[in-house]
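Asker: Single-letter residue listing:
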Amino acid sequence: MNKIFFNFFISFIAVLTGLQAQNLSGSVTDSEDGEPLVGVNIVIQGQNQGAVSDFDGNFTISNFESGSTLVFSYVGYKTLNLKISPTDVLSDNISVLMDKDLSELDEIIVIGYGSQKLSDISGAVSTVNADAIEASSPVRVEDALQGQASGINIISSGSPGSKPTVLIRGITSYAGNDPLVIIDGISASIDDLNSLNPNDVKSVNVLKDAALASIYGVKGGSGVIVITTKSGERNSETKFTFSTSVGSQQVVKTIDVLNASEYAAILNEASVNAGEGIVFPNISDFGVGSNWQDEVLVDAPIVNHSITASGGSENTSYYVSAGYTGQDGVVAGGEKSFFNRTNFTTNFNTDLSEKTKLLINTNYSNIKGKSLAENGITSVLSNALNFDPTVSPFENGTFGISETITQEIVNPLAQIDNTYNENKVDKIQGKIELQYELMENLNITSRFGYTYVNIYDKGFVPFQFYGTGHNQTNANPDLTPIVTIDSEGNITSTHNRVFEGNTNFFNYTYELYGNYDFSINENHNFQTVAGFSIGEGKGSNISATNEDVPFNSWDYADVSAATGNATQQTSGSWQYVNRNLSYFGRVLYDYNEKYYASFTVRVDGSTSFGKNNKFGFFPSASIGWVVSKEDFFDEMPVLDYLKFRASYGTLGNDNINPQFSLISTFPSYVFSGTITPGSSLGSIPNDDVSWENQVQMNVGIDTRVFNDKVSLSVDYFKKTVDDLLFSPNLSLYLGVPSYPTTNIGSTESTGLDATISLDTSVGGLSISSDINFTTAENEVISINNGDKYIWGAGYGIPYRNIVRFEEGFSPGYFFGYVTDGIFQTQDEVNNHATQNGAVPGDIRFVDVNGDGIVNDNDRTQIGDPFPDFTIGWNLNLDYKAFDLSLFAYASVGNDIYRAYERNLNYTNRFASTLSRWTGPGTSFDEPRVTFVDSNNNSRASDRYIEDGSYLRIKNIQLGYSFPVSLVDVWGFDEVRAYVQVKNALTLTDYSGYDPEISVGGVLNTGIDYGTYPQPRIWSMGVNIKF
Amino acid sequence: MKNLKKILLLILVTSLFNRCTDHVDYEAIEGYQITSEIYFQQEADYDAALVGTYDVLQWLFFNIQLGAIASEITLCGGESATDYIGIQQIDDMTHYPENNVLRQIWQFLYEGVNRANYMEENKANIDFEGKEAMYGEVYFLRAYYYFELVKFFGDVPLFTEARLTAGQAGTLMRTPKDEVYAQIELDLQNAIASLPNSQSQVGRVNKYTAYALLGKVLLYQDKFAEAASALDNVIGVYSLVSDYGSQFLRFGENGPESVFEIQYSNQSNWYDWGCAHCSEGNYAIIMNGPRGWSGPEYAQGWSFNVPTEEFYNSFEEGDSRRDATVLDIEAFAATTGASYTEGYDHTGYFNNKYIPRAGESGGQTELNYLTNFRIIRYSDVLLMAAEAYNRGGIDDGLAQEFLNQVRRRAFGGDDNDISASGSALTDAIWEERKFELSLEGHRFFDLVRTGRASSLIAGFVEGKHEVFPIPQQEVDISGLTQNAGY
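Line order of the protein sequences matches chains A and B. Quick note, the first sequence lines up with residues 945 to 1970 if you use the working numbering. Quick note, the second sequence lines up with residues 18 to 503 if you use the working numbering.
It is worth saying that the hints were derived from the structure and are not from the lab. Keep in mind it's a predicted model, so treat the numbers as computed, not measured. Glycine included, each C-beta is placed from N, C-alpha and C at the ideal position. Please note that a few of the clues may not be correct.
[As the list claims (entries may be wrong)] Residues from chain A shown here face chain B by an in silico Cβ test under 10 Å; the list is partial: (1) 1345; (2) 1348; (3) 1429; (4) 1436; (5) 1515; (6) 1519; (7) 1523; (8) 1615; (9) 1675; (10) 1774; (11) 1775; (12) 1777; (13) 1781; (14) 1800; (15) 1883; (16) 1886.
[Said to hold, decoys possible] Calculated from the model, a selection of chain B residues having no Cβ within reach of chain A, i.e. all distances over 10 Å: (17) 96; (18) 242; (19) 468; (20) 474; (21) 484.
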C-alpha cells in the first residue's frame, strides 16, 4: 500500500515540477581502452535507487528524473558524478566513460575482520595485486612479493617448490620470524603457501605495523600477510580464463674448480709440501678430466596451466579453478627432483535470505615431489664441486669411483642414481562462513576455517658402492651385500633399507564477530568490530623402516615388501596439540575523511604459555591526518595529496611449546649383553613462560604530486622486543636435560620502507613504474644468559660454528677469525703472536684480543648476511596491443659465507688455489697447499666471507593482445600471448652460484652450502578469456 | 529463514560457554608424556632410573681415548691436523679452556652425577626389597663420575643431595679436591657396605668393584696403607686369563679378569650424528680404525689414537702384550694383502685393543661397535696393590709377587721376574703399568699422579698440565675460577 502511494506521490511531484520521470539506459566503458565495465555500481544521488552494469557494460535505471546526478563507482576507477540533462535522457542510450584511478588509493584493503579503503588506513600496509602476481608467474605466491612491497625481505631458493625466507621489517626473534598468513580470513602459515595456486590470488596485503597487525595479537609479531582469493561477480555470465605457459630453466653460472691436470699438479705440490712423495707421476695424462658441474646441471622444464570459470546470478556467485604447476630441478633433472602441484579451488557464495549470506571456499591441492640432497657437505652440488676431476663419470658401464676419497664426497652421478624418495601431500583448506545482517550496518560473521594435510614420505637406501672403504659404501662393487665373518665365525651382512612415514595435520579456527559501521552528524564516521576466535591445531606422525628390499629395487621399496626380520624393523611416532582462545575488538574513526584514529585490542590465550601467564593483552592505536583536505592546502603548488600517519602498539610471538618436568625413557644401558631401557629427567618446566612482547612504533607519510602522477609513501618504524624466548645456556654442571624456554632477552629493529610510483602516459604509451626501498637494522639488546650469545648455524666436517645471536650485535651475524694475509717468511711467523703450527705460506690470523696467542678467543664479527637495504624496481609499459613489464631487484650489503669446500686432501680445490703461495712474495692472500694443514688454514674465518650484494633483473615479460576483431572470429573475448625471461641478468661480485641464499632458517641465511641456484627461465605463455 | 538466526545464536552460545578458558590448559598426558610428579612411585621406576645412571658411562669414550692421546705413547692422528681439533691440541699440550671435547667430558660427567643425585633425592619415596643394595650401585657410579672429574679438572663443584635445578645455575663454587675425594671415599664405603658380592646381571657393579675403585682412589691420593687394605679384598677374587690378548676380543669381554667394564652393544641400529654418544655402541672404536681399510679381520675407521713407533719398540723381547696391544699395520697388510690409506700422524701402528673388527658393529657401522671398555682389570688391581705395598713401605716381597704374577702371564714363564726392591721396584711397577694397561685410559693420569709427566710428555708444563682447564663456557656462565696456567 505504502509503495503504491509513494510512487504515485513521486509521479505527482514530477508532474508538478515539470520534470519527467522515465527510464534511462546507457553503457559504461573504460575511458582508455573502451572495454565495457561489468558490475559498476550506479546510484541516483540522494536516493536509494540505482543499478549495476551488466556483462556488456549496459545499465537501465527506471523512474529517472532528468536533472538528477548519477554516481558511478567501481573498484579501481575514479568515482564519477554525472548530471543528466533532459537531452541526455532523450538520447535513450548514454555512453559513460570512466577513468582508471591510477593512484589506487581508493582500493579496498582487507585488513583482518574487515576491510578499509587504502586512503583511510592510518597504519602501515603494502599491497600487491593480481596483475603483479600474474606478471611474475611464481611457483609460490610469496615469491611474487619480492621487491613488490616495501618492508618485506624475501630470500628465495632455486630448489623446486621450496619455501623462501620471508622477513617483514627485520629480525626480532630468535624463536621464529615467519609472518602469519591469513587466506580469506583463515589462519595459515608460510608453509601452507606451497599449496596455493598464485593464479587464484586476487590480492596480497601485508600488515606491517602494530596498528594493523595487533588484531592478530600474539601471532602478529612478525607481520601478517593477508591473501584474498578471487571470487565471482554477481549478475554476470560465466567467464572463463585459460592460461598456459611453458618454460625452460638453466643454471647460468658455474664455479671455477681445478680441472684434472691442475688438480694433479696441485696435489703433487701439497703432498711434497707435507714431506711426502709425488702422487701423480704423469700429470700430462689427465687433460681437463671430468667437469662434474656440467654432468649434474641440466636444462629443466617448468609448466603452468590453469583454467578458471566465474560468474554469478542475482543471489549467487562462484569462482572455480583448476591449476597445474610442474617444476623439474635443474640439478639432475625431473627424474629425481621435481615439484608437481595440482589445485582445485571453489569459492562460492549465496544469499540464503535477504539478510544472510553463505560463503564456502574450498581449496584442494595435491603435491608430489622428489628431492636430492641439498645444502650440505653431502649435497649433489657439493659432490660436483669437490669430487676428483681425474675420475671418469662412467667406467666399464658403472659409475667411476675414487680410490683416494673415502669420506662423504662421492661421484655425484652415482649419488643421483642411488637417491630414491618421494613425497606426496594432500591438502584441503577452506572455510564455511555465514554473514548475517542483524540490522542496517550491523553484520555478524560466523566463520569456520580448516586445514587438513596428509603427507606421505618414502625413502629407499639401496646397496651402493663408491669405492672400497668409502664411508658411504654399503655394498660390494657388484652391489651384493658386504658379508663379514668375525674371528669367532659370526656372520654379519649389510642391508638396504626402506623408510615410510605418514603425517597428518588438522587445524581449525572458529570465529564469531560483529561489524557495526555508523556515522554521527554525518562527519564522524565509525567502523567497529568485536568478536572472538577459538582454535586448535593437531599433528601426528607414524613411521616405519625395514631392511632387505627385494631385488634392491625402488619398485619393490616398501615396508610391506621388505623381508627384514623383527629386529630389523623399527617404528616411531609423535603427536602434538595446541589450542588458543582470543577476543578482539577494533574501532576505526574518521572525521570527514580528514582526521583518522583507530584503536585495536586483542586478548590471546594459548596452551603454549606457562600456567601463570595464560592470557596476553595486545593493544594498539593509530592516528592519521590528510593535510591536503585542509583549506589552507589549496594554495600549495605541485602537491596534490598529503597525509601523515602514526601508530603505536604491542604484538607477540608464541613460538614455544608447553613445558613440563618430563621423564625421558630414552636412556638405556647394556646388562648381560641385552639393551635395558632406563630413564632420566629429560626437561624442566618454566610456569612463568609467556609470549615475546613486541612494541612497535610507526610513522608514515603519503603524498602525490604533479596531478597525481607521482606518489610517494615513506614509513619509519622501530620495534622493540622484550621477553625474548630462549632456551638458556645454563651451567654445564646441571648436565644435559633441556632447560626451560624463558623470556630472557630483548632486540630492537629500526627501518625505513618507501615506495615511489609514477603513472603517466606519453602519446599512446602508458607508463607505470614504482620503486620500493626496504631497510631494517637489527640489534640484540640483551640476553640475560650466562655467556650472552647463542650459536646459530655452522658447517663442514669437522663442524665449525659460524653464526651467532649475541648481545650487542646484529642477530645471526658471522663469527670467526680475521685473516691478515700470508706469512711470507719464518721471521714473520716468529714476529707474530703465537700461532700454533704456522709456517711460511700459511694464513696469518689477527690476534684480536692482543694476548700474544692466536686462539678461539680471537674470533670476532666477520660479516652480516642481511642486506643493508633492498630495492625493487617495476616498470610497466603499454603501447597499443603491446605490454612490457620489467622487474629488477637489488640487495646491497649482504655478506655470504662460502661453506661448500670439503678440504680433504684428495677432494678437488677451487680455482683460487692456482694463485697460491709458493715462496716469499708469490701470494698475499692464498695460502700454500699441503696435505698437513698444521695451521688450520681452513678454520672459520673472513677468508670465506664475500660481499653478496647483487642487482638482478628478475623478470622481463613482453605481451601482445590480439585485436578484438581477430579474437572474435576465434570465439574468444581476449587473447594475450607473451614471452618471459626470469632471472635474466645478475650483477654481482660473488663467486658462487647465486648470491641469493635461503636455506630455510633465519639463523643460517647467507651460508652457501652449495646453494641451489635460481635458474634463468625462458618461457612463453597464452592467456585467453572467453 | 528465521531458523538461521536460531542456529547462529546456538553456535554463539555453545562456543562461548562450552569450554572457554580451560580450552587453553594443557596436560602432559595429551602428548603421552610422563612427568616427574607421577614418577618414583614403584620399584620399576627406580630400576629404570638406575639404568639411566649407568647410561652415562657409555658417553665417556673420550676419557679413555685421552688417557693415551695426552700421554707420550700415542699420537692424535685422524684425517688431518684439524680433525677433532680439541684432541689434536691435547696431544700437543697446546689445549686451552675453549675445547669442545673437554666441555663434553665435563658436562657428561656432571650429567652422571645429577642422575645419581636424582635417585638420592627420591630415595625416601617408597620402600622395597633390595633398595639399599640398589643404592650401593648408585653411590659407586657417583663416586666413579666424581673421580673422573677430579682426575681431569682438580677442584670441582660438589653436590650430593639432589639433582640441580635451573635456578641453581651459577650458584656453585669449586670444592677443594681433598673434599671431593672424601666424598668419593664415603660413597664407595657406603657402596661396599650395601653391594652384594656378585650380581646376577653381567655389567652391574658388586662389592669387589667398589673395593677396587676405592683402592685406586686411595692410590691417587698416595694413601698407600689404606689402598693396600682396600685392594686386599679383591686379591684372589678374580684371576688373570692365560692369553693376554684374548680378553680384548669380543668373547673375552666380562671374563675372569674383568673387575669393571663399561658395557656396549651392537644390538641396536639406532644412531644420530647430532648425538653420537647416545647410541648403545662404542664411538671410540670407529675413531681408532685404519682409514680406507680393505682387508680381513679389521674394519675401516678414522685413524685416531695411533701408537708411536717408540712405544712399539719399547716392549721387551718376548712380551706377548706387544702384538695384542699394537697392530703393526704394514706387516699385517704385507701378509694379508690388505690395503688402507694413511691418515695424519701416520706411524704404521694402530690401537689393537680398541679397534674396529669386522662384523662387530650394528647395521649403522660407525656408532654401534659392541666393544666394551675394560675400566679395571685384575692385573691393574695387582699392580696397584704392588705399588701400595711397595711405596707404602709395607711389604716389597708381596709387591714383587703381585708384579711378577702380571709379568709371568705376559712372558709365559718366570724368566722375566723382577727381584728389585725399594724405588727400583717402584720404577719397575710403573713401567709394568705402561705395558700391561696401555691404551686403556690410564697412562696420562699415571704419569701425572707419579710426577713423571713433564719428563716424558713433550710440551707438558709443570704446574699447569696436571689438570685440564675448566671449560671456558662454564667459567663464563658459572663464574668458576680457572685452573692455574690456563
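Asker: Next, verify each hint and record whether it holds.
Answerer: Okay, the hints, checked on the actual structure:
1. The beta carbon of residue 1345 of chain A comes no nearer than 12 Å to any beta carbon in chain B, farther than 10 Å, and the hint placing it at the interface is violated.
2. Given the 10 Å rule on beta carbons, the hint for residue 1348 of chain A holds: about 7 Å separates it from the nearest Cβ of chain B.
3. For residue 1429 of chain A, the interface hint holds, the least distance from its beta-carbon to any beta-carbon of chain B being 6 Å, beneath 10 Å.
4. Here the hint on residue 1436 of chain A is kept, as its CB sits about 4 Å from the closest CB of chain B, short of 10 Å.
5. Residue-level restraint check for residue 1515 of chain A is violated (minimum Cβ-Cβ distance to chain B is 12 Å; threshold 10 Å).
6. Interface restraint check: residue 1519 of chain A against chain B, minimum CB-CB distance 6 Å, threshold 10 Å, status holds.
7. The interface hint given for residue 1523 of chain A is met, as the beta carbon of that residue sits about 5 Å from the closest beta carbon of chain B, less than 10 Å.
8. Because the closest C-beta pair between residue 1615 of chain A and chain B is about 4 Å apart, less than 10 Å, the hint holds.
9. Because the smallest distance between the Cβ of residue 1675 of chain A and any Cβ of chain B comes to about 4 Å, under 10 Å, the interface hint for this residue holds.
10. Interface hint status for residue 1774 of chain A: violated, as the beta-carbon distance to the closest one in chain B is roughly 17 Å, over 10 Å.
11. A hinted interface residue such as residue 1775 of chain A counts as satisfied when its beta carbon comes closer than 10 Å to some beta carbon of chain B; here the least separation is about 20 Å, so the hint is violated.
12. Of the supplied interface hints, the one on residue 1777 of chain A is violated, with its beta-carbon coming no nearer than about 14 Å to a beta-carbon of chain B, more than 10 Å.
13. For residue 1781 of chain A, the shortest C-beta to C-beta distance to chain B is roughly 6 Å, which falls under 10 Å, so the interface hint holds.
14. Proximity of residue 1800 of chain A to chain B holds as hinted, the smallest CB-CB distance being about 4 Å (cut-off 10 Å).
15. At its closest, the beta carbon of residue 1883 of chain A sits 7 Å from a beta carbon of chain B; the interface hint therefore holds under the 10 Å criterion.
16. Among the interface hints, the one on residue 1886 of chain A is violated; its C-beta lies about 18 Å from the nearest C-beta in chain B, farther than the 10 Å criterion.
17. Distance check on residue 96 of chain B: its Cβ comes as close as 7 Å (rounded) to a Cβ of chain A, failing to clear the 10 Å threshold; non-interface status is violated.
18. No beta-carbon of chain A comes within 10 Å of the beta-carbon of residue 242 of chain B; the shortest separation is about 34 Å.
19. With a closest Cβ-Cβ approach of about 27 Å to chain A, residue 468 of chain B is found to remain outside the 10 Å limit, as its non-interface label requires.
20. With a closest Cβ-Cβ approach of about 16 Å to chain A, residue 474 of chain B is found to remain outside the 10 Å limit, as its non-interface label requires.
21. Consistency note on residue 484 of chain B: stated as away from chain A, and its beta-carbon is indeed over 10 Å from all of that chain's, at 16 Å minimum.
This entry does not satisfy hints 1, 5, 10, 11, 12, 16, 17, going by the numbered hints stated previously.
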